[in-house]
Amino acid sequence: MKKSYLSETVQSIQPSGIRKFFDLAATMEGVISLGVGEPDFVTAWNVREASIMSLEQGLTSYTANAGLLSLRKELSNYLYKRFYIDYSPEEELIITVGGSQALDLAFRAILNSGDEVIIPEPCFVAYGALTTLAGGVPVYLSTSAEKDFKADSADLRTKLTPKTKAILLCSPSNPTGSVYSKEELEDIAQFAKEHDLLIITDEIYAELTYDEAFTSVAAIQDMKERTILISGFSKGFAMTGWRLGYVAAPPVLRDAMLKIHQYSMMCAPSMAQYAAEEALKNGLEDVEKMKKSYRRRRNLFVGSLNELGLTCHQPNGAFYAFPSIKTTGMTSEQFAEELLLSEKVAVVPGNVFGPSGEGHIRCSYASSLDHLQESLSRIQRFLQERQVKEEAPAIIK
Amino acid sequence: MKLTEKETEILEILDENSRADLNTIAKMAGVTTEEAEAIIQKLEDQKVIIDYSTMIDWRKVDGHEGVTAMIDVKVTPKRGVGFDEIAERIYRFQEVESVYLMSGVYDLSVVIRGRSMSDIARFVSEKLSTLDSVVSTTTHFILKRYKHDGKVFETGDDDKRIVVSP
Chain C
1 MKKSYLSETV
11 QSIQPSGIRK
21 FFDLAATMEG
31 VISLGVGEPD
41 FVTAWNVREA
51 SIMSLEQGLT
61 SYTANAGLLS
71 LRKELSNYLY
81 KRFYIDYSPE
91 EELIITVGGS
101 QALDLAFRAI
111 LNSGDEVIIP
121 EPCFVAYGAL
131 TTLAGGVPVY
141 LSTSAEKDFK
151 ADSADLRTKL
161 TPKTKAILLC
171 SPSNPTGSVY
181 SKEELEDIAQ
191 FAKEHDLLII
201 TDEIYAELTY
211 DEAFTSVAAI
221 QDMKERTILI
231 SGFSKGFAMT
241 GWRLGYVAAP
251 PVLRDAMLKI
261 HQYSMMCAPS
271 MAQYAAEEAL
281 KNGLEDVEKM
291 KKSYRRRRNL
301 FVGSLNELGL
311 TCHQPNGAFY
321 AFPSIKTTGM
331 TSEQFAEELL
341 LSEKVAVVPG
351 NVFGPSGEGH
361 IRCSYASSLD
371 HLQESLSRIQ
381 RFLQERQVKE
391 EAPAIIK
Chain B
1 MKLTEKETEI
11 LEILDENSRA
21 DLNTIAKMAG
31 VTTEEAEAII
41 QKLEDQKVII
51 DYSTMIDWRK
61 VDGHEGVTAM
71 IDVKVTPKRG
81 VGFDEIAERI
91 YRFQEVESVY
101 LMSGVYDLSV
111 VIRGRSMSDI
121 ARFVSEKLST
131 LDSVVSTTTH
141 FILKRYKHDG
151 KVFETGDDDK
161 RIVVSP
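Going line by line, the protein sequences match chains C and B. Residues in the first sequence are numbered from 1 upward in steps of one, following this note's numbering. Residues in the second sequence are numbered from 1 upward in steps of one, following this note's numbering.
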């Protein structure tokens, strides 16, 4: 078939760099994977059971386009109680098919052809592609390990043009685990107000914040009106496969997104919505338990990486460590590929998430304690062998 | 007894895996190994940590399958010592695994492990029923253990996630 059948936009975007790694790792036996971007918990039984009940009761029809009102009401309560943000269940929320669809809706609702979105990188692989698909232009802003891969207003200013429409924030961040503090968000908020920009904030990992309470940019004074909040049940509630997310935004933006949603998706799957309602009603204790478990594993894993010489800032959120591998002299891809082939540990090369991720790897510590400890000793062996090889020529000389 | 956050943290780590080594425990809780060691010592001294035991599925071991029964025991409490004296007389028997004082229609719940049903029958008829304070006993044999102390006995809990995902 001729390639010219394809839209130019689709041809212009690249398939996700993670895919290549997945294909390689999937062919091997005995691989310990630190490459998984999802919780290692199975969804809590009460949540699964609620979904099964909905099927037994024959609740299999379409729901309202925006999602079950009862779910939106629970969600509204939850957002207020948990993060002090007040969204009307009737006018400001849409239940979506994962956070990814919510992102897609946000970009499509606000972007005209050529509008620019400033995206600090390294970042989740979908932002740029979705911006492009919506006709916009992703403008990547590089960030550095020295500043925990966070952007501030001065950084953002360097990318500001008359075409800038929005800033994308992801906190806690995939892949770096960094979390913006209230003060840092206030600085960015001030910048957004000054230049009349929207903020799209991806808060899918908000429940998994460990050291200080999470602040949403939507909770900062006067910011709700220019913020599109994206989140979902995947990470905090361990519900990735259910594909259930949501978007919260002021009515004008929300109505625009709802138009797209009703024509392209109709509504999120009903059985997942009933599950989510149960998760919000009776699942927060489980969230707390999982969070504690991640925090312990983070302390162990990040502490050990630093001891191995793979320096890493303490990630305050999500379940990723993003250590530097620069001391090995390898590129991220080389490191990840050699580690996989020689020690069967799968990590994701940092450059997949943007050029600033080069020299780093993403390791998910959402893995059993045994696996984490085994992978650490394999990484240690890998590093020692590399060191021996590197030092060998020096001895000859 | 009021415990500090770190003490509770260490208890929870041990509760999940009593074999975790000191270094791992210390790192997970964010304390030095010396601190972790001191905390564990203190908790052991105060009998907050009673013991470190292993959960074994003996059914899988030939010759060790055994039988477990839960016995509801009605007793007459004694003035001055209440149920404690009779409870002690019961828990001193080696074959008794646990004894609980219960609310409801009977008083003591006794869990006992023996090699066979007749072992347990002998214990109940010869040792337990003959105690002065014991009014009646009802013996329930455990047929199958599905979940014990929060652990499911037969599970396929292998990782079902795809190897690499965004």
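None of these hints come from the bench; they were simulated from the model. Please read these numbers as outputs of a predicted model, since none were measured by experiment. Incorrect hints may have been included.
Below, computed lysine to any residue pairings styled on SDA-like, alpha-carbon distance capped at 25 Å [said to hold, decoys possible]:
| # | chain 1 | residue 1 | chain 2 | residue 2 |
| --- | --- | --- | --- | --- |
| 1 | B | Lys160 | C | Val252 |
| 2 | B | Lys147 | B | Asp72 |
| 3 | C | Lys147 | B | Asp159 |
| 4 | B | Lys160 | C | Ser16 |
| 5 | C | Lys163 | B | Ser165 |
| 6 | C | Lys281 | B | Glu44 |
| 7 | B | Lys160 | C | Val31 |
| 8 | C | Lys292 | B | Leu3 |
| 9 | C | Lys291 | B | Ser165 |
| 10 | C | Lys291 | B | Asp72 |
| 11 | B | Lys160 | C | Ile18 |
| 12 | B | Lys2 | C | Glu212 |
| 13 | C | Lys291 | C | Ser16 |
| 14 | B | Lys6 | B | Glu44 |
| 15 | B | Lys160 | C | Thr311 |
| 16 | C | Lys163 | B | Leu3 |
| 17 | C | Lys292 | B | Met1 |
| 18 | B | Lys147 | C | Val252 |
| 19 | B | Lys160 | C | Glu49 |
| 20 | B | Lys147 | C | Glu49 |
| 21 | C | Lys291 | B | Asp159 |
| 22 | B | Lys6 | C | Glu307 |
| 23 | C | Lys292 | B | Asp159 |
| 24 | C | Lys73 | B | Asp159 |
| 25 | B | Lys6 | C | Lys224 |
| 26 | C | Lys2 | B | Ile40 |
| 27 | B | Lys147 | C | Lys224 |
| 28 | C | Lys292 | B | Asp72 |
| 29 | C | Lys344 | B | Gly150 |
| 30 | C | Lys224 | C | Ser76 |
| 31 | C | Lys292 | C | Tyr263 |
| 32 | C | Lys163 | C | Val31 |
| 33 | C | Lys289 | B | Asp72 |
* To do: Verify the proposed pairing of Lys292/C with Tyr263/C, using a straight-line Cα cut of 25 Å.
  => violated, 41 Å
* Please work out if Lys291/C and Asp72/B have their alpha carbons no farther apart than 25 Å. => It is violated: about 40 Å lies between the C-alpha atoms, which goes past 25 Å.
* To do: Could you grab the alpha-carbon distance between Lys291/C and Ser16/C and see if it respects the 25 Å cut-off?
  => violated, 29 Å
* Does Lys292/C pair with Met1/B here, judged by a C-alpha cut-off of 25 Å? -> holds, 22 Å
* **Agreement of Lys147/B and Asp72/B with the hint, judged by alpha carbon distance not exceeding 25 Å** => holds, 21 Å
* To do: Measure nothing beyond the straight line between the CA atoms of Lys147/B and Glu49/C; if it is 25 Å or shorter, mark the hint as holding.
  => Holds, because 19 Å separates the two Cα atoms, which is no more than 25 Å.
* Asked: Within a Cα-Cα threshold of 25 Å, do Lys6/B and Lys224/C meet the stated pairing?
  -> violated, 38 Å
* To do: Would you check the hint for Lys163/C and Ser165/B, treating anything up to 25 Å between C-alpha atoms as holding?
  => violated, 33 Å
* For the pair supplied as a hint, Lys292/C and Leu3/B, is the alpha-carbon distance within the 25 Å limit? -> holds, 17 Å
* CA of Lys160/B to CA of Ser16/C, is that 25 Å or under? -> holds, 22 Å
* Has the given pair, Lys160/B with Ile18/C, been kept, meaning a C-alpha gap of at most 25 Å? -> holds, 19 Å
* Are the Cα positions of Lys292/C and Asp72/B separated by 25 Å at most? -> Not OK: Lys292/C and Asp72/B at ~38 Å, beyond 25 Å, violated.
The structure is inconsistent with the numbered hints 1, 3, 5, 6, 10, 13, 15, 16, 18, 24, 25, 26, 27, 28, 29, 31, 32, 33, although it conforms to all the rest.
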